[in-house]
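Peer 1: Listed below, chain by chain, are the residues.
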Amino acid sequence: MGGNTGYFEFSTVDWNQMWSATWETIWMTVVSIVAVAVLGYFIGLLLFETSGSHNLIVRIINWIVALFVNVFRSIPFIILIVLLLPFTKQVVGTIIGPVAALPSLIVSAAPFYGRMVELAFHEIDRGVLEASDAMGASQWQIITKVLLPESLPALISGITVTTISLIGYTAMAGAIGAGGLGNLAYQEGFESSNNTVTLVATVIIVLIVFAFQFIGDFATRKVDKRVL
Amino acid sequence: MIEFKDVSKTFTTEKGTVKAIEDVNMQIEDGEIFGIVGYSGAGKTTLIRMLNGLETPTTGEVEVNGTKISKLDRGALRKKRHKIGMIFQHFNLLWSRTVRKNIEFPLEIAKISKADRKKKADELIKLVGLEGKEDAYPSELSGGQKQRVGVARALANDPEILLSDEATSALDPQTTDEVLDLLMDINKRLGITIILITHEMHVIRKICDHVAVLDGGKIIESGQVLDVFKHPQQPITKRFVYSEAAPSPEDTNVVVEQLLKEYPNGRIIQLTFHGNQANLPIVSEIIHKFPKLRISIIEGNIHQTQEGAIGSLFLQLIGDEQDIKGALDYLKTMRVETEVIEHGR
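Read top to bottom, the protein sequences are chains A and B. All residue numbers for the first sequence refer to this note's numbering, where the first residue is 1 and numbers rise by one. All residue numbers for the second sequence refer to this note's numbering, where the first residue is 1001 and numbers rise by one.
No false leads were mixed into what you were given.
EDC-like, lysine to aspartate or glutamate: derived pairs with alpha carbons at most 20 Å apart: (1) Lys-1101(B) with Glu-130(A); (2) Lys-1126(B) with Glu-1178(B); (3) Lys-1101(B) with Asp-125(A); (4) Lys-1101(B) with Asp-133(A); (5) Lys-145(A) with Asp-1135(B); (6) Lys-1083(B) with Glu-130(A); (7) Lys-145(A) with Glu-1108(B); (8) Lys-1083(B) with Asp-1073(B); (9) Lys-1101(B) with Asp-224(A); (10) Lys-1071(B) with Asp-1023(B); (11) Lys-1079(B) with Glu-130(A).
Using C-beta positions, here's what the derived DEER-type ranges look like: (12) Thr-1017(B) with Arg-73(A): 36 to 42 Å; (13) Lys-1079(B) with Leu-119(A): 31 to 37 Å; (14) Phe-218(A) with Asp-1122(B): 29 to 35 Å; (15) Asp-1023(B) with Ile-57(A): 33 to 39 Å.
Far from chain B, by Cβ distances over 10 Å, these chain A residues were calculated: (16) Thr-5; (17) Phe-10; (18) Met-18; (19) Trp-23; (20) Phe-42; (21) Val-65; (22) Ile-95; (23) Ser-192; (24) Asn-195; (25) Thr-196; (26) Val-209; (27) Phe-210.
For the record, the hints were derived by calculation from the structure and aren't laboratory data. Virtual Cβ for every residue (Gly too), placed ideally from N, Cα, C.
All chains, full assembly: derive it from the sequences and hints.
Peer 2: Have a look at this one:
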């Protein structure tokens, strides 16, 4: 084994490569989180609206969605990527690079966030929903004017948690060819034994996590008017 | 006018069926404040919710101004609900909206234009006395202020009736009175019919015209508030009426028994006054007319109701039979209800 085994030999780092890997990670995270937020919202809404019904068809829908959510939440991410390879190839035409990571990132995180959305809706004061009903609000009005705004802090803190686990997933996806910092740490750091690259990639990922956490916490506090 | 016709409601649970409401028949006139009083579990909440279709009767009909609520389809029911305001024990405001936006909420639901919403909200903020708090969030308000927002919100779509579901039960006594004054003021100013449910007789006495006592899903007694307060018939009604009089009649009974023991010759009488009689100097008149009669006041209280004052006074009369009889006759001519109290009451 040759290479640079020291952790602080910064002259061995290809900074252009590092920046483009950083942008790949951020790009994968942001694109998938937007899709996860939208999909998760609908999954959560579906779970919430179909829960506790006496109607048989509604109960079956709830059961199917819940099963789907539980199955995809249980599959370890690294296995999910492999499992979805044919699907990924079909949808994006390749199994290499940041775009190829998106399907598995979204499929793994959307059910996770969907459960959080459902929980957030269940935390809304039942009295408020009943009051809206008593005022003659339609289902759609309740969804847009009550469920969404009244659960916003929980939705935002949920998406923050999901984002952070997604960043972890992008690194894992990177290790098997999706690009980004995970890929760089694996290729350069591990395969070529350049520990400095691994360290720098780690520090950047930690900074990205901190940044998303900070933004999420700030936004949660900003929209929460319950304690002033 | 609101009518309940042979209304019953049964709930099916795992343990079997429960009769929540049984054969309720009642009429509520336009413009009155109608109170339904009962202990928790009596069926009050179920009954009031039938008026806006949050509950449907198993049998019977609930009619609001000629509309059978349970016969409406979803769309028509939503439209009808715009015209039925409701206030709640825990206010049920949206924490994410300011006072103004909370009041505009039902207007948004009814798809009123932005300009009209603003105008209406301004009027209502003034009506309930929340000027200066328009942009505050509910978490910045006191309980009384929150309920004012609740009232304003309930009135936003100019409803025909206002339902009050234990609206003062979470408030302290002083704030309760403030909110009750507001409801009374709104009733007088807008002529809106108010139906309220409560477990506090104080609320009934202070603002209601008519009262119905609900127990075990049945109306066991109803009538004008003053009548029910003067002559409660059923044991539960008596408990409600006396629960409001302080000290409790149990305490008075102890005192009465004690006095009966100490003064076997004396007579203990209970006088009940209502309306203007409460203002007459009856006791001093008796003393003046029967100078040899000794009078001691055991207990007395007076309450204000919508229709005037109501009071009761326990007196002990000591003297010869003739004077006592004379005093009792005098009280009769004054049209004061007099009850001579004996042992073992």
